[in-house]
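With chain H fixed as given, assemble chain P onto it according to the hints.
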Amino acid sequence: MTEIGLLNILSFGDGGWARALLAASAMTLAVSICGYLLGAVIGGFAAWAKISGGSVLRIVADAYTTVLRGIPDLLVIFLFYFGGSAMVTAIGRLFGAQGFIGFPSFLAGTVAIGICCGAQHTEVFRGAFKAVNPGEIEAARACGMNLSLRFRRIVAPLTFRYAIPGLGNVWQVVLKESALVSVTGLTELLRQSQTGAGSTGLPFDFYLIAGAIYLVISTLSSSLMHVADARASRGLRRA
Amino acid sequence: MDIQFLSDTFVELLRGVPLTLQLAVSAICLGFVLAIVLALFRASGIAALDWFARLYIFIFRGTPLLVQLFLTYYGLSQFDAVRNSLLWPILREPYWCAIIALTMNTAAYSGSILYGGMVSVPYGQIEAARSCGMPRAMIFRRILIPLAIRQALPAYGNEMISMVKATSLASIITLMEVTGTAARIISETYRAIEVFIAAGVIYLAINFLLTRGLHLLERKLSPRVPKQDGGRSYALEGQP
Chain H
1 MTEIGLLNIL SFGDGGWARA LLAASAMTLA VSICGYLLGA VIGGFAAWAK ISGGSVLRIV
61 ADAYTTVLRG IPDLLVIFLF YFGGSAMVTA IGRLFGAQGF IGFPSFLAGT VAIGICCGAQ
121 HTEVFRGAFK AVNPGEIEAA RACGMNLSLR FRRIVAPLTF RYAIPGLGNV WQVVLKESAL
181 VSVTGLTELL RQSQTGAGST GLPFDFYLIA GAIYLVISTL SSSLMHVADA RASRGLRRA
Chain P
1 MDIQFLSDTF VELLRGVPLT LQLAVSAICL GFVLAIVLAL FRASGIAALD WFARLYIFIF
61 RGTPLLVQLF LTYYGLSQFD AVRNSLLWPI LREPYWCAII ALTMNTAAYS GSILYGGMVS
121 VPYGQIEAAR SCGMPRAMIF RRILIPLAIR QALPAYGNEM ISMVKATSLA SIITLMEVTG
181 TAARIISETY RAIEVFIAAG VIYLAINFLL TRGLHLLERK LSPRVPKQDG GRSYALEGQP
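Chains H and P supply the protein sequences, listed in that same order. The opening position of the first sequence corresponds to residue 1 in the working numbering, with each subsequent residue numbered one higher. The opening position of the second sequence corresponds to residue 1 in the working numbering, with each subsequent residue numbered one higher.
Think of the hints as simulated: they come from the structure by calculation, not from any bench. Please note: incorrect hints may appear among the correct ones.
To be verified - Pair by pair, the computed Cβ-Cβ distance ranges are:
hint: 1; chain 1: P; residue 1: Ser44; chain 2: H; residue 2: Glu138; range: 30 to 40 Å
hint: 2; chain 1: H; residue 1: Ala63; chain 2: P; residue 2: Phe10; range: 17 to 27 Å
hint: 3; chain 1: P; residue 1: Ser44; chain 2: H; residue 2: Ser148; range: 50 to 60 Å
hint: 4; chain 1: P; residue 1: Arg184; chain 2: H; residue 2: Gly102; range: 17 to 27 Å
hint: 5; chain 1: P; residue 1: Phe10; chain 2: H; residue 2: Ile91; range: 21 to 31 Å
hint: 6; chain 1: P; residue 1: Arg184; chain 2: H; residue 2: Ala63; range: 19 to 29 Å
hint: 7; chain 1: H; residue 1: Gly198; chain 2: P; residue 2: Arg184; range: 21 to 31 Å
hint: 8; chain 1: P; residue 1: Cys132; chain 2: H; residue 2: Leu37; range: 25 to 35 Å
Claimed, not checked - Counterexamples of contact, computed for chain H against chain P with all Cβ distances above 10 Å:
hint: 9; residue: Leu10
hint: 10; residue: Ile137
hint: 11; residue: Arg141
hint: 12; residue: Ser148
hint: 13; residue: Gly168
hint: 14; residue: Ala228
hint: 15; residue: Arg231
As the structure is a computational prediction, the values presented were derived from the model and not from experiment. Virtual Cβ for every residue (Gly too), placed ideally from N, Cα, C.
So here's chain H without its partners, still in its complex pose:
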């Protein structure tokens, strides 16, 4: 059992964990991307509420970002996993089901990550919107564009351009945050490494590999973000 080394773990054949780790990495990516997109939607609405919502909407959005930035993400994950399970169990009991029903951990993880990173998305979008030159919006208005056309053609593309660096940072945070979803039992990268560590007795090797995979994903995605940033600001003169 102890003869297994780092290279054996990384083999695709019998006793190798490469296949399982790759699948788990895909799961990590899936839960991160879904949570990230959900967060972007939430953040978009919350930023809109903060910028041009009424006082009630603004207070709600402010409360949302303040609370979510002050409490640990792990707590939010616990809330959705256990809270969701309790809800599903209660509903199940209504239909005559017995005992405990687990909430799907992928869903719980996605929602929790989305709600956590939505707060950061909000600030990114709001900051990016502030960076848009008001003259451009004024010019669009002067051309007679209505609100939706103005948003679609002027505000959204410009905001998005300024938001890209911030969005990249949020993505990095989300990717690392996805490791927390392992507590719900979802077989993402860290959970799979835990399983591997348990069955081979080589925790160090497995966590090292997991760390390396996270590092690869974050490096690759940060260079993608650089490309996107360069492409989005190709018409922009930078100091």
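Same frame as chain H, but now just chain P:
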């Protein structure tokens, strides 16, 4: 909602607060020392030291804290050399492993924040100190570090807040701080919402106090700067 349960939970969670604070304070203080070393490495101009600091920051910022925590707590015990070493009584304890992992993690983030602060110190200040005849060490101590800290304070404050939040991960390696206690109560009672509210209030209170303290410190460190509010605020106030 059951007020009795809520207040019982709150009282029980309060017992986890000392541990949360201990973890946060030790990690922030130790991490700060390590961060200064890293920032000085980066600013040293010596290629080997600079690359070491860059690599350190790259690795610790690129991997999840939970992986670092698991590597320290579960990973190291794989080696007989570690288990037989003098450090084993420390590395065996989840408490110390949590502090070590949190410290190393925050050092990477704070190191790059402080380095950013150092770079932003105007060269004229250093030049003035040098022309007063200050030796290098004194310039570091009296001019460079204080100015860099003042410059880096807003970003560093955010890092402190995220460290307070990060202590919650210690619950995964069996430490019963606030989140750990919350998770235990939730799994016993399945009343996630009430427990979440109680624990959330505690974390918000800690971070609110921290934010207030940082504001005071910031005001104290910049006595002559006229009041200007250009983006200098902390996460809790809702601005990046």
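These are the hints, each one checked on the structure:
1. Ser44/P to Glu138/H: 30 to 40 Å: For Glu138/H against Ser44/P, whose Cβ atoms are near 50 Å apart, the range 30 to 40 Å is violated.
2. Ala63/H to Phe10/P: 17 to 27 Å: holds (20 Å)
3. Ser44/P to Ser148/H: 50 to 60 Å: Hint holds: Cβ distance 55 Å, inside 50 to 60 Å.
4. Arg184/P to Gly102/H: 17 to 27 Å: holds (18 Å)
5. Phe10/P to Ile91/H: 21 to 31 Å: Roughly 28 Å apart at Cβ, these two residues keep to the hinted range, so it holds.
6. Arg184/P to Ala63/H: 19 to 29 Å: holds (28 Å)
7. Gly198/H to Arg184/P: 21 to 31 Å: holds (22 Å)
8. Cys132/P to Leu37/H: 25 to 35 Å: At 57 Å between Cβs, range violated.
9. Leu10: Given that every Cβ of chain P is farther than 10 Å from that of Leu10/H, nearest at about 17 Å, it holds.
10. Ile137: Its Cβ never comes within 10 Å of chain P, the nearest being 21 Å, so this holds.
11. Arg141: Non-interface label on Arg141/H holds, nearest chain P Cβ at 27 Å vs cutoff 10 Å.
12. Ser148: Given a closest Cβ separation of 27 Å, the condition holds.
13. Gly168: holds (13 Å)
14. Ala228: holds (19 Å)
15. Arg231: Consistent with the label, Arg231/H stays out of reach of chain P, its closest Cβ about 23 Å off (over 10 Å).
In this structure, the hints that do not hold are numbers 1, 8, in rising order.
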